[in-house]
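Make the complex out of the two chains shown on their own, each in a separate frame, by following the hints.
These protein sequence lines map, in sequence, to chains A and B. Residue 13 is where the first sequence starts when you use this note's numbering, and the numbers rise one by one after that. Residue 261 is where the second sequence starts when you use this note's numbering, and the numbers rise one by one after that.
Just so you know, these hints were derived from the structure itself, not from any lab. Check before you lean on any hint, since a few could be wrong.
[Unchecked claim] Pairwise CB distance ranges, derived in the manner of DEER restraints:
| hint | chain 1 | residue 1 | chain 2 | residue 2 | range |
| --- | --- | --- | --- | --- | --- |
| 1 | A | Gln-85 | B | Trp-362 | 48 to 58 Å |
| 2 | B | Lys-346 | A | Asp-172 | 50 to 60 Å |
| 3 | B | Arg-315 | A | Ile-61 | 36 to 46 Å |
| 4 | B | Leu-360 | A | Ala-40 | 17 to 27 Å |
| 5 | A | Ile-61 | B | Leu-375 | 52 to 62 Å |
| 6 | A | Lys-84 | B | Lys-346 | 30 to 40 Å |
| 7 | B | Trp-362 | A | Asp-41 | 21 to 31 Å |
| 8 | A | Gln-57 | B | Thr-347 | 13 to 23 Å |
| 9 | B | Gln-316 | A | Lys-84 | 29 to 39 Å |
| 10 | A | Lys-103 | B | Arg-340 | 31 to 41 Å |
| 11 | A | Asp-80 | B | Ala-368 | 49 to 59 Å |
| 12 | B | Glu-343 | A | Ser-60 | 47 to 57 Å |
| 13 | B | Gln-316 | A | Glu-140 | 18 to 28 Å |
[What the hints assert, rightly or not] Listed next, the in silico DSSO-like pairs over lysine-lysine satisfying Cα-Cα at most 27 Å (straight line):
| hint | chain 1 | residue 1 | chain 2 | residue 2 |
| --- | --- | --- | --- | --- |
| 14 | A | Lys-103 | A | Lys-171 |
| 15 | A | Lys-84 | A | Lys-62 |
| 16 | A | Lys-171 | A | Lys-161 |
| 17 | A | Lys-161 | A | Lys-103 |
| 18 | A | Lys-68 | A | Lys-103 |
| 19 | A | Lys-143 | A | Lys-161 |
| 20 | A | Lys-161 | B | Lys-326 |
| 21 | B | Lys-326 | A | Lys-19 |
| 22 | A | Lys-143 | A | Lys-171 |
| 23 | A | Lys-161 | A | Lys-84 |
| 24 | B | Lys-346 | A | Lys-143 |
| 25 | A | Lys-84 | B | Lys-346 |
| 26 | A | Lys-62 | B | Lys-378 |
| 27 | B | Lys-326 | A | Lys-103 |
| 28 | A | Lys-19 | A | Lys-103 |
| 29 | B | Lys-326 | A | Lys-68 |
| 30 | B | Lys-378 | A | Lys-19 |
C-beta: ideal position from N, C-alpha, C; glycine also.
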Amino acid sequence: MTTEEFKRDILRLQPRMQRTAESIIGDADSAADAVQEAVITLWEQRASIKSRDMEKLSLTIVKRRSIDLLRKQHPTVPIDTESLMLAEAPKDDSEERYRLARQLVDQLPQRQRDAILMKYEEGLSVEEIEKATGMSSTHVYATLSRAYKSLREAIKQYKDEQS
Amino acid sequence: MDYGTARLRDCETDSPRSPAVPKSRSQNILRLNFEHLLKRGTRMNTENEMNEDVRQLLDSLEEHGKNVRRQQELSDLIDRLAEEEKTVETPRKHRKLTPLWWVMGAAAACLLLWLLIKPSMKETPETNKEILVEETETLDSVGTEVKEVILEEPVIKEELLAEETPVVPQKSQTKKEKPRAEVVEEIVEQPALAEVTPTKNEETTNIGSNNIPNESETPSTVQSPKRRVIRSLNLVCYECQKDPELYTKPVMEDKTLFGQPQDPNMKNGALAFEIKLN
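Okay, chain B solo, but in the shape it has when bound (with noise of 0.2 Å):
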C-alpha cells in the first residue's frame, strides 16, 4: 500500500526528469486507472494477510453467529405459533359461554316472573266479577235478540217445508259449517239462553227446530245448513198472514235438474212471489 501510494505521489510530483508539460488528457485516465488497480490491490494485501488459521476462527465465529441468528427465528416462530393459538381459543370460549348464560339467565327469570304474576292473577276476585258481568251482558243481548226474532217469525208448516225444500247441502258447505252447529249447541246449553223461552204468539206458529233468524240479525254462528234453505224459502208476509186470500200458492208444475219440483217464480235460489195487493 505504501508502495503504491509512493509511487502514485511520484507520478504526481514533478521530478526534475519530466518535464514540467502539462498533463493530457489520456495521461489522467491513466492516473485514475492506476488509483483503482492500488485500492484492489491493497485489499487483495489484506486478505492475503489472513492465513488458514485466521479463516477458519473466523469463520467459526461466523457460523456460531448464524446459528444465533436461526435459533433466534426459531424463538420467535414458537412464539408467533403460541400467540395464534392463543388467539384462536379465545373467542371460541367466549362465544360458546357468553350467549347462552345471558339466554339462559334471562328465560329463567322471564319463568320466575310469570311464576309469580300467575296465581295472583287468577285470585283477583275483580277481574272475575269484571268477567262474569261481560258474559252475562253478551247472553242476555243474544237472548233479546233471538227473542225478537222468533216472534217475528212467519207462519210456515213443517211439512210443506220438508216437501218443498229438499236440498241436501253440499260437501264443501257441511266441510265448511260443521263447527258452526258445535256452536250452537255450545250457546244453547248457556243459562242465559236456557232462560229465553219462546213466547208463543196466537198470531204466528214456532217452525221450532227449523226456526232460524236472519243473517243480519242474528250472530253468524248460529247456522246450519239445512237451517239456512229454509231461510232462504223464507215466505214472510205480513198481509198475507193477516189476510190468507192475499197469499197465492206458487205453482210447482216445472222440475229442476234433479227431477224435482220448481217453482217457476224461482230466480237464482230465491223464491220470487207475488202478493196481491190492493
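Bound conformation, chain A alone (with noise of 0.2 Å):
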C-alpha cells in the first residue's frame, strides 16, 4: 500500500472513526486524539494490510484506543469493554445537513455569507473576522445579525417549499 493509497483510505474512513471515538469518550478533542494514535500504528503495519480490510481493523484500532483514553481519562470507573468493542457508530447524516446549509448560506449576500462560513465553518473568532474582512466588531455583529435573519426567512421559504 502506497502513502498516497493510504491517506486516501484514511480521509475517506476518517469521519467514521471520529464518530466512533466519539461515542466511546464522549469528547471531540480527544476523540480526535484516539483517531490521530489509530492512524500511527495503521501506518506502521500498513504493510501488511489490504485495502479491502482497511475499514474493520481502522475502526477496531480506534475502538481500543478510546477504551484506553477512557481508561486513562476515568480509572477509577469500571469499563465494559465487550459492550463498547461492539457498539456500532450512530449513522450519520451530517453530510446531508451539510450539503442543505451550504445551500441555504450560498443563498445569503456575499458579506453575510462570508461572516458566517469564516466563524462557523473555517472557526475564527469574531477578532480574526474583523482582521480578515476589515471591519469593526460592531460591524461584524451586526452583519451576522442580519446573516441569521435571513438564513430564518431562508429556511422557512425552504420548508414551505417542501410540503
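Here it is, written out as C-alpha cells:
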C-alpha cells in the first residue's frame, strides 16, 4: 500500500472513525486524539494491511485506543470493554445536513455569507474576522445578525417548498 | 437596540422636563452602566434571533469545518510519517553501499598493480646481479675475517680443554643460543665459506671445531655455548707460546662448589694468569 493509497483510505474513513471514538469517549477533541493514534498504528502496519480490510481494522484500532483513553481519563470507573467494542458508530446524516446548510448559506449576500462561513466553518473568532475583512466588531455583529435573520427566512421558505 | 439607543439619547439630550443641572459623578456612572447593559442586550437579542433550525444548520457547518481541519491534520501527519520514513531509509543505503564500493575498488586496484609489478621485478637481471655481487662481497669479508682469526688462535690441546672446562651451559643460555647454532650451520654451507680453508701455521695448532674467534672480531651469530666457554679460557700468550718456560701452569688444587678443580687465579669467570716476563 502506497502513501497516497493509505492517505486516501484514511481520509475516507476519518468521519466514521471520529464518530466511533466520540461515541465511546464522549469528547470530540479526545476522540480526535484517539483517531490520530490509530492512524499512526495503521501506518506502522500498512505493509501487511490489505485495502479491503482497512475499514474493519481501522475501526477496531480506534475503538481500542478510545477505550484506553477512557481508562486513562477515568481510572476508577469500570468499563464494559466488550459492549464498547461491539458498539456501532451512530448513523451519520451530517453530509446531507451540511449540503442543505451550504445551499441556504450560498443564497445570502456576499458579506453575510463570508461572515457566517468564517465564523462557523473555518472556526474564526470575531477578532479574526475583523482582521480578515477589515470590518469593526460592531459591524461584524450586525452582519452576523442580519445573516441569521436571512437564514431563518430561507429555512422557512425551504420548509414551505418542501411541504 | 433602537429602543435602547433612543432611550440613551433621551437620557443624554436635555429634555424640557429635566432641569439644566450639571451632571454629577453618580449620574455619569449610571450612564456607563446603562450603556454596558445595552450592548449586552443587543448581543442577546441577536442570539435569540436564531431559532432552532438555524442553530442546527450552523452546527452542521461548524461540524463540517472541524472535520475538514481534522482531515487536514491527519493528512499532514501521514505526510510527516512518510518523510520520516524516507529520511531514515536513505542514509542507511548510503552507509551500506558507498564505503563498501570504495574499499573494494581500492583493494582490487592495489591487487592488480601488485600482480603486474611483481613478475617484472623478478625478471630484471640487473637486480639479480646486484644481489649476487652484494652476497659474494659479504661472504668474502666474513671469510677473510675467519681466516685471520684462525691464524691468530693459540695453541691449546683439546684434551686439556676438555678436562679443565667441564662447563655445563645453563638452560636459559641453550634456549637463547639455539638459533645461533643453526645460523652457523647455514653459513658453513655457503660456498664462500667452504673456500676458506684454515691454513695451518707451523707455530700454531688449530683446535678444530672448538676454535671460535673473539666476539669483537667475528659476527655474534657464529657462536655456541660450548665455544664461548672455551673462549673464556682462551689462554693466549704469544710470549709464552714462543718461550714455554715463561708460562706457568695454573694450580688446580682448589675446588668449585660443584666439586670440580678450580684455579685460584680464576676470578669472575676469567682466568687470571701470571706471565713471567723478564
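We went through each hint and held it up to the structure:
In this structure the hint that Gln-85 of chain A and Trp-362 of chain B lie 48 to 58 Å apart at CB holds, the actual value being about 56 Å. Between Lys-346 of chain B and Asp-172 of chain A the CB atoms are about 58 Å apart, so this pair conforms to the stated range of 50 to 60 Å. The hinted range of 36 to 46 Å is satisfied by Arg-315 of chain B and Ile-61 of chain A, whose Cβ atoms lie roughly 41 Å apart. The given range of 17 to 27 Å is broken by Leu-360 of chain B and Ala-40 of chain A, whose C-beta atoms sit roughly 53 Å from each other.
For Ile-61 of chain A and Leu-375 of chain B, the hinted distance range of 52 to 62 Å is satisfied, since their beta carbons lie about 55 Å from each other. Evaluation of the 30 to 40 Å hint for Lys-84 of chain A and Lys-346 of chain B yields a pass: the beta carbon distance comes to about 33 Å. One distance hint, 21 to 31 Å for the beta-carbon pair Trp-362 of chain B and Asp-41 of chain A, is violated here, with the actual separation near 53 Å. Checked against the hint of 13 to 23 Å, the C-beta distance between Gln-57 of chain A and Thr-347 of chain B comes to roughly 20 Å, which is consistent with it.
Roughly 33 Å separates the CB atoms of Gln-316 of chain B and Lys-84 of chain A, a value that falls within the hinted 29 to 39 Å. Remark: the range hint 31 to 41 Å for Lys-103 of chain A to Arg-340 of chain B is upheld by a beta-carbon distance near 33 Å. With their beta carbons about 57 Å apart, Asp-80 of chain A and Ala-368 of chain B fall inside the hinted range of 49 to 59 Å. Range check, Glu-343 of chain B to Ser-60 of chain A: Cβ separation about 22 Å, and the 47 to 57 Å hint is violated.
Range check, Gln-316 of chain B to Glu-140 of chain A: about 24 Å between beta-carbon atoms, so the 18 to 28 Å window is met. Distance restraint check for Lys-103 of chain A and Lys-171 of chain A: the Cα-Cα separation of roughly 24 Å lies within the 27 Å cut-off, and the hinted pair is therefore satisfied. Simply put, Lys-84 of chain A and Lys-62 of chain A have alpha-carbon atoms about 31 Å apart, too far for the 27 Å limit, and the pair is violated. With a C-alpha separation of about 16 Å, the suggested pairing of Lys-171 of chain A with Lys-161 of chain A holds against the 27 Å cut-off.
Restraint check: the Cα-Cα separation between Lys-161 of chain A and Lys-103 of chain A comes to about 31 Å, which exceeds 27 Å; the hinted pair is violated. The straight-line distance between the Cα atoms of Lys-68 of chain A and Lys-103 of chain A is roughly 16 Å, inside the 27 Å bound, and the hint therefore holds. Our distance criterion of 27 Å between C-alpha atoms is met by Lys-143 of chain A and Lys-161 of chain A, whose separation comes to about 24 Å. Taken as a hint, the Lys-161 of chain A and Lys-326 of chain B pair is honoured in the structure, with Cα atoms around 24 Å apart against an allowance of 27 Å.
Restraint check for Lys-326 of chain B and Lys-19 of chain A: the C-alpha separation of about 18 Å stays at or below 27 Å, so the hint holds. For the hint linking Lys-143 of chain A to Lys-171 of chain A, the alpha-carbon distance of about 36 Å lies beyond 27 Å, and the restraint is violated. At most 27 Å may separate the alpha-carbon atoms for a hinted pair to count; Lys-161 of chain A and Lys-84 of chain A exceed this at roughly 45 Å. This hinted pair does not check out: Lys-346 of chain B and Lys-143 of chain A have alpha carbons roughly 40 Å apart, beyond 27 Å.
Our distance criterion of 27 Å between C-alpha atoms is broken by Lys-84 of chain A and Lys-346 of chain B, whose separation comes to about 34 Å. Taking the CA atoms of Lys-62 of chain A and Lys-378 of chain B, the gap is near 62 Å; set against the 27 Å cutoff, the hint is violated. A C-alpha spacing of about 18 Å is found between Lys-326 of chain B and Lys-103 of chain A, which places the hinted pair at or below 27 Å, so the restraint holds. For the hint linking Lys-19 of chain A to Lys-103 of chain A, the alpha-carbon distance of about 23 Å falls within 27 Å, and the restraint holds.
Of the pairs offered as hints, the one joining Lys-326 of chain B and Lys-68 of chain A holds, with about 24 Å between alpha carbons and a cut-off of 27 Å not exceeded. For the hint linking Lys-378 of chain B to Lys-19 of chain A, the alpha-carbon distance of about 63 Å lies beyond 27 Å, and the restraint is violated.
Consistency note: the structure conflicts with the earlier hints numbered 4, 7, 12, 15, 17, 22, 23, 24, 25, 26 and 30.
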